[in-house]
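For the protein sequence lines, the chains are B and P, in the order given.
According to numbering that gives the first Met the number 0, the first sequence holds residues 0 to 137 in order.
According to numbering that gives the first Met the number 0, the second sequence holds residues 0 to 525 in order.
Source of the hints: derived by calculation from the structure; they are not laboratory data.
No experiment lies behind these values; they were computed from the predicted model shown.
Here are the simulated distance ranges between beta carbons:
(1) P:498 - B:81: 32 to 42 Å
(2) P:217 - B:102: 51 to 61 Å
(3) P:174 - B:96: 49 to 59 Å
(4) B:98 - P:201: 33 to 43 Å
(5) B:81 - P:473: 31 to 41 Å
(6) B:81 - P:289: 36 to 46 Å
Where a beta carbon is used, it is the ideal one built from N, C-alpha and C, also for glycine.
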Amino acid sequence: MSTVIFRAIAPYLTALMVLFSIFVLLRGHNNPGGGFIGGLIAASAFAIYGIAYGVPPVRRAMRFHPMQLAAFGLVLAALAGVPSLLVSVPYLTGLWTYPTLFGVELALSTPLVFDIGVYCVVVGTISSIALSLEERER
Amino acid sequence: MAVSEKTVDLSQAMVTAPVAPADALIIAPIIITLFFGGLLLMTRKRAAWQVPMGLFALVLLLAACAGLLARVLTAGPVSVTMGSWLPPFGISFTADALGASFAFVSSLVALAVGLFASRDIDGLGQRYGFFAFLLLMMCGICGAFLTGDIFNLYVWFEVMLIASFGLMVLGNTRTQLDGAVRYALLNLLGAAFFLAATGYLYGSLGTLNMADITERLRQPTDGLPLNTIAALFILGFGMKAAAFPLAFWLPASYHTPSPAAAAIFAGLLTKVGAYALLRTMVMVMPAAHAVYADFLTWIAIGTMLLGSLGALAESDLRRLFGYVVISGIGIIFAGLALGSAGGLSGAIVYALHSMLVMTGLYLAAGIAARLGGSQQLRELGGLYGASPLLAGLTLLLILSAAALPPFSGFWAKIVVVEAAMVGGRWWLAGIVLVTGLFTALAAGRAFAHAFWRGGPVGTPDGAEKSVPGKLAAADLPLLLGPLGFLTMLTLLIGLYPQPVLRLAEIGAAGLLDPIPYVRAVFGAAP
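My request is simple: use the sequences and hints to build the entire structure.
Written as structure tokens, this is what we have:
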């Protein structure tokens, strides 16, 4: 698979896909998208990079072990429900805040934190599996 | 785009009443185990953090479960629906005396196993995430005991299964992989039956909330395939609980993982299946229970016979205890099949007793195998000379498993036998007692061979051989301490059984009369 064309295009493709995965993650609350599908897109971006350049560069680029990323997502998702306990509503109840940043109203919420957790779990798990399969192949 | 709550009246769709802090305890076991499980997985390269953080989380879990049990016993069933969605649309967590007491004893057992593992699992096992998997498995177990939604119950089963796969293959040896494949295959099959039943139930009733289903099934239900669904539940949960004739995976796999992992499997995992059966068959689908009562009786008899005869025939210490676990499951099924208040509370007492004692027996077998260098009864011997304390504790646990007074097993069995006599099934009582005798013989034989005689097969009478392994003095408190703790508990319950018997009665009453449970979920409305 390591043809010149593929190797030349892979970094751009990876960067675009990671960017798109974050876009999909953020639009997910009211539109199609969300943490799960965003995570899948990001994981396939890492897989493409791995096919083009081999697994070690991907692992270096990710900095953390994919399982650590997944565990971080789990912790984040568990914590996303905790603020609702502090205001005496059931666990995981969505709490919203609308700060205005540079004249734009931002809708921030605990479901978004939960979704980011899901994103990390999916990226971590799927890229962990994909990378170890690619390692096996060489 | 974001729909602001300023513009919509949410009281039609969401719970608006505030949650009392004590009721929030119901989700605490999940948050604690998930948070620390994830944290331990993130930091698993830092071996020095694993033990203190894992034990801290287990202590927190125990405190949360104790608080929840206290709350349930004073205020009745507690229910919180996640995300504030109105039940039955949101996922409810509902704890009654049954679920809360199971969760409490499980967290007790988990702490004992955690202490044991802090000494027994080496640095490599801890780096591969022993404590992380242990906590995530406890997450699944506590979730299964506390959830009030039947699909959510399936999810917790899966969480528990996945984490237990991790624990099972932790040493990465050939026999472990072999055991894990059998375990995984059978448990996935069981989970598939459970999922099919859940889907069927949802298709029939359009709801997954257990309180809601309970309520619906108490009205006329013509034309619904409830008996099929109940059969699928019995199949799926029976597989998980290791009931006859689907029990063969347990002795084929539980002797392979590390002693600590095997101990918590033997203590807790089968009981989750038994709990799920108690919940679905007795509380949710009482009509189907009446249909299958005889069938369940036969399963109970088969399981008791299989367990006790298997234990008599077995020559591997841990496999032998595996059969003892199975015969205990048979007694729980006998109580379940009786379905009376006495039978159910007997099943509950036995399940709680079995969690403590089976964990203890597997821990003892682990230490014995370490000392004697083998888990084959032929090759073991002379352990009494090597560690009289271990021998004494093991003997007490064996007596408790054999249901002799003054131990918890005695009371558990007496309640079941009494319920069988009252129900006019003297033959069921007889089988409980006879298989109990077989179990006592088998476990006593294991004790005589491994501990009492001077050495392995071939040692002349009167001679004593030294055992190959040794317990370091530093290991003693953390290896024998948890064992002593579990033994103390079973002795204490045996000497003063009233609180546990009362707890089981409350749990059984909650299964037979689910109105407080339903009311906790839906408020006073129904």
